[in-house]
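Asks: Here's the letter readout for the chains.
Number of protein chains: 4
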Amino acid sequence: MSKQVRICMIGAGRVGKLHSGTLKRYVPDGDVVALVDPVSAMLNQTGDEFEIDGRFPTLAEALDKTDFDAVIITTPTFTHRELTLLAAEHGKHVFLEKPMAMNLQECDDIIAATEERGLLLQLGFMRRFDPEFVAAAERIFGGEIGEPMLIKSLTHGPGLPPAWANDIRTSNGMIAEVNSHDLDCVRWLMGSNPQRIYLETANFKGVERGAHAEHFYDNMFATIKFQSGALGNISGVCPCDYGYDARVEIVGKNGIMQIGSMQGMDVVVCINRDQGLITPIYRRWPERFAWAYIHEIQHFVTCVQTGTKPKVGGEDGRWAVASVLAGTKSMLEGRPVLLEEVLDPAWVVPWQKED
Amino acid sequence: MSKQVRICMIGAGRVGKLHSGTLKRYVPDGDVVALVDPVSAMLNQTGDEFEIDGRFPTLAEALDKTDFDAVIITTPTFTHRELTLLAAEHGKHVFLEKPMAMNLQECDDIIAATEERGLLLQLGFMRRFDPEFVAAAERIFGGEIGEPMLIKSLTHGPGLPPAWANDIRTSNGMIAEVNSHDLDCVRWLMGSNPQRIYLETANFKGVERGAHAEHFYDNMFATIKFQSGALGNISGVCPCDYGYDARVEIVGKNGIMQIGSMQGMDVVVCINRDQGLITPIYRRWPERFAWAYIHEIQHFVTCVQTGTKPKVGGEDGRWAVASVLAGTKSMLEGRPVLLEEVLDPAWVVPWQKED
Amino acid sequence: MSKQVRICMIGAGRVGKLHSGTLKRYVPDGDVVALVDPVSAMLNQTGDEFEIDGRFPTLAEALDKTDFDAVIITTPTFTHRELTLLAAEHGKHVFLEKPMAMNLQECDDIIAATEERGLLLQLGFMRRFDPEFVAAAERIFGGEIGEPMLIKSLTHGPGLPPAWANDIRTSNGMIAEVNSHDLDCVRWLMGSNPQRIYLETANFKGVERGAHAEHFYDNMFATIKFQSGALGNISGVCPCDYGYDARVEIVGKNGIMQIGSMQGMDVVVCINRDQGLITPIYRRWPERFAWAYIHEIQHFVTCVQTGTKPKVGGEDGRWAVASVLAGTKSMLEGRPVLLEEVLDPAWVVPWQKED
Amino acid sequence: MSKQVRICMIGAGRVGKLHSGTLKRYVPDGDVVALVDPVSAMLNQTGDEFEIDGRFPTLAEALDKTDFDAVIITTPTFTHRELTLLAAEHGKHVFLEKPMAMNLQECDDIIAATEERGLLLQLGFMRRFDPEFVAAAERIFGGEIGEPMLIKSLTHGPGLPPAWANDIRTSNGMIAEVNSHDLDCVRWLMGSNPQRIYLETANFKGVERGAHAEHFYDNMFATIKFQSGALGNISGVCPCDYGYDARVEIVGKNGIMQIGSMQGMDVVVCINRDQGLITPIYRRWPERFAWAYIHEIQHFVTCVQTGTKPKVGGEDGRWAVASVLAGTKSMLEGRPVLLEEVLDPAWVVPWQKED
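Chains as they are written, first to last, in my numbering: chain F, -4 to 350; chain S, -4 to 350; chain Y, -4 to 350; chain Z, -4 to 350.
Looking at chain F on its own, in the form it has when it is part of the complex (with noise of 0.2 Å):
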């Protein structure tokens, strides 16, 4: 059997759960050794949870007392230039949470960190890793609906996020916290680079729900034109309440191709005729990417046992950055934006700077 892989979790919260989880249910292979988060309340929390021993508020003082092979970095998205490049100056592999990082300076430091020291970078794209969208990309790849024209990728989350994320000067907002996976994905199935964004917003709750940061939406068409000259849709809507949602629907030269539904499992029940046929929907991200989640973290640690690059890394998390900065510019100035203008070197994102 191959040896087991040792691995540090940052973060105790949400995705750190998850991921926690996943590692202790459904992973033989890798083991959570240490927990980081500086909130000891929930550093205790999960890692009773999930009988993680070693707990730690710095990742500096996990890699002083503890032995590990990775870490998987699951913080807010201003963290992780500066906890990657200290993993990595440790000799960890890393599993980074999306977005990958605020901008492209960042992206870039990430990726060199790693590459340097022939370290492993995952970026947590699941959907790379979901049955029904692996099934997918395999059939789009090998022609089935020919040449890809025209794709609509939606994500759809049930509640508010945390304030940090909705701020544009500290997540870059709802493209990036929300809709990075679509980003990724999409460029994925079209097996094109985007070119050129467009994003109209609209912010319907976030008065009443306290979200007062500047430019706060709640609602937004990212519409993309790819360079292979196909046109892409990505839809974002969050809090939208009725549960979480994320599908695609490609068009091909030769057809059509939807991925994934509303619904949640095939149990269907009708109690009253004039209310109708119930399903359940997909309630949380957790539920509808289940098999996702635990793929993903199957091929980290087995890439980690293998010494093999992951299907997914650093250059897909830039270009993810890179069409947030896009669309979000084009928000602010109200008009398509080339990608050629952020990837600049000497761009500098404004809503970003110091003042």
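Since the hints were made in silico from the structure, they are not lab data. Remember, it's a predicted structure, so these values are computed and weren't measured experimentally. Each hint should be verified, as a subset may be incorrect.
Note: identical chains are not told apart, hence a pair may lie in one copy or across any two.
Unchecked claim - Within a straight-line C-alpha distance of at most 30 Å, the following computed BS3-like cross-link-like pairs (lysine-lysine) qualify:
1. K60 - K324
2. K(-2) - K306
3. K306 - K248
4. K(-2) - K19
Please build the complex by placing chains S, Y and Z on the supplied structure of chain F, with the hints as guidance.
Replies: Below, chains S, Y and Z without anything else, positioned relative to chain F:
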């Protein structure tokens, strides 16, 4: 333009209204010129609603005072023989609702009365005109799923039928009033006559709904062995309360086919993630078989205009009645019953015998 | 019974045949008494098929030689203004196919011509009469999903339209010929007029199909900002080859609603487990909107009989044309365009200007 | 962390592989330390694939040479009694695949052997651990659809089982090998034991597939009357060729519930409008019940770790065997058979009697 067909509608109740509405709204070539019902309130209500001028308490009076080409008989089963014979005597073509009659002797009388005079006789098995059933039948007969091995057909109706329709002495009960459609449908789609039938029944709601007939049942499974060797299952529930449900599933040597669904409309809503997705169910039979009712009446009108024999007639109605009788006998005797037992001319339906 | 409405059908092509068939088969209260088409072969073919006696090369001749109450105009967009004005001059009610006209001046002329004489004008937006769209609209307006925030509407058509319909100079292109229905539909369901529109297009099949017009495109996304603040996305693909596809998805503050599906019939077959389940798709628009075409024509007939204003008229047609113009301008100028730019009476459609 | 459970897998064939793979990939707390199979080629192939070191031709040898906590028995039905008794004698907990045994005497021996020594006995009815069946059961027991009146359960398997499994003398035939799951499932969901059963069978593919056992059948309907008065229908087809199909439909006094579907994945494709929409079907049982297989093994491992009685055990297995026997007797005698006939200790299964 072909000559308009003049019709006398017998029965001003639910089915009489349905067919009158169909003719008025969707069948330019047919016209209801007379309406017959002994209950004058209902006669006038239905007559007013569909602007039918000729209104009569009896068919005899309608025949005496109006000119028409055909009758549509929508009255209780036990009246079918007498009404058909009277209509046929006056040279009228007959559209006869299901079940055809109370027993095989009545069926034979009806067939003879119309055949002798060269009159058309169409049975009200509207599934034979439903676009989905028609398309499915063509594909089955074309060999798409291979030789049929097994079929399931269900009809679950929302509300308790009237008292006469629940009492096997006056109607042969639910297998006749609700499941005649299935009995015809499985014989049609399997391309084989039934050989043996076994009926299990249950009574769950009778008492609370005031249905006190001796052999009342509101749930049944009829298991059929066809002459071809294939198997059939018919499910009946009435009152099921949850909607109107009519579906078929058939397995052939090469594959499976499903016909129909519960979903009444392609409108899906979710407004509560704990509840899930909601889709309309078919509430009543006129919704489910809206096209079928139009097409069966248009077919009858065209047959009358052109002198063509209808696609579904007396022989089909007779087989459904034979199956009803064998099924009921099976229930009463607790054993599988061969169709040849009830097809024997010497056999008299014991539950219909007058004391 | 109400007086039968006498109709002159203008255009003996695809749409003329559809409406003639609808009237002959399903609308007892309307009668096509005259058919107009300059191409005599088509005139006779369609006239024979639907048993229409009056056949004329021009509307002028039909007006001269026959008596009728109303016209149904199914000819190319650039003929709409002239035909409507001639019909109105002779006191005929008008059912006008979409798109209403080439530009807003023509729309205004059409509205004025009918309104001045108290004539009815119904636009051919059949989705307003589709049972699913009607039920959905009632539920949206009843508040079931809350205030609408975001809508997606798509129309993908199987085959390449005729050359005049692909050239923006003669038809305003695909957004007009294919997606006018969506433009009307989103405005109706959102209860708000469009404020700004951004169009991205792509051309994948033009060359191989022989479509050489300068601005030809076969894929498009129109992104709309409504006056209410809500967002819209319209997707157009033509020729898509895979079927006829028309669906809407709308998200309100309380939930989501989907209207329509690709599934053309509830018949599911599996005969090969490596291939999977097969279900019919809607092949063409007459299948998808079978009920809608019947109901819109019945509505027009009833409006003529009773002197009632149709549910969908000139104002609706005019808004769809305005959206078409703003969208096309957006595509040509590579920027979002405000509706007020094209609603400005001083603005002349540059791509329609004669040299 | 709880102590890892050491398991001896008995049988290296299809089911042995499935459970070995589940333990290796998804169950951190269980470990296959020994594999038993008399066929050395299969023993080594499966041993290699799942990296199992201990490999033995017999359970006796494995018991002699290795230490483990529990066995998983996946061999043919007629071996179950002997293997269970041997394992129990050595104090091993037992996970036993369905059908439990050939007859009720064997069931009683198995129950006695484990109970006497306080050993756990779990039956391989994985549907009890499928997320959809579990959720459905909770809702039924919670009263959502009211008192159950009628249930349909089907299992259609793609390929012909091995010869021993087709011959009622060596396996009790298809109702045992394929439909044991349904027999357990309907009893569980209806909350009532079967009282009477009637079996109709058909043989369509036997000859062409080389199945020549005397009472071979490849299609069956079992009609059940429950002690509660409710009705059940079980459908079996094997080989059905078209996929693996397992679904349940249940009607209660208040409504209907459907559990499961044929659709293997939410990926829909259309590339030919004359063919229609294509969706994956479940090809084999490991796909359909992927979660169920993981959860049933995790449940067994947890029960062993904690000394808890499994949710599904000997009593459940015994009722399924009793139903198998009553159904087979019904087929052979052409009449409904009461369960009490086969539960009578004096009754000996005639088709298993040695000559």
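Asks: Does each hint fit the structure? Answer for all of them.
Replies: Evaluated hints:
1. K60 - K324: Result: close neither inside a copy nor across copies, 44 Å intra and 64 Å inter.
2. K(-2) - K306: within (21 Å within a copy, 34 Å between copies)
3. K306 - K248: Within one copy only: 27 Å inside a chain, 38 Å across chains, cut-off 30 Å.
4. K(-2) - K19: both (16 Å within a copy, 14 Å between copies)
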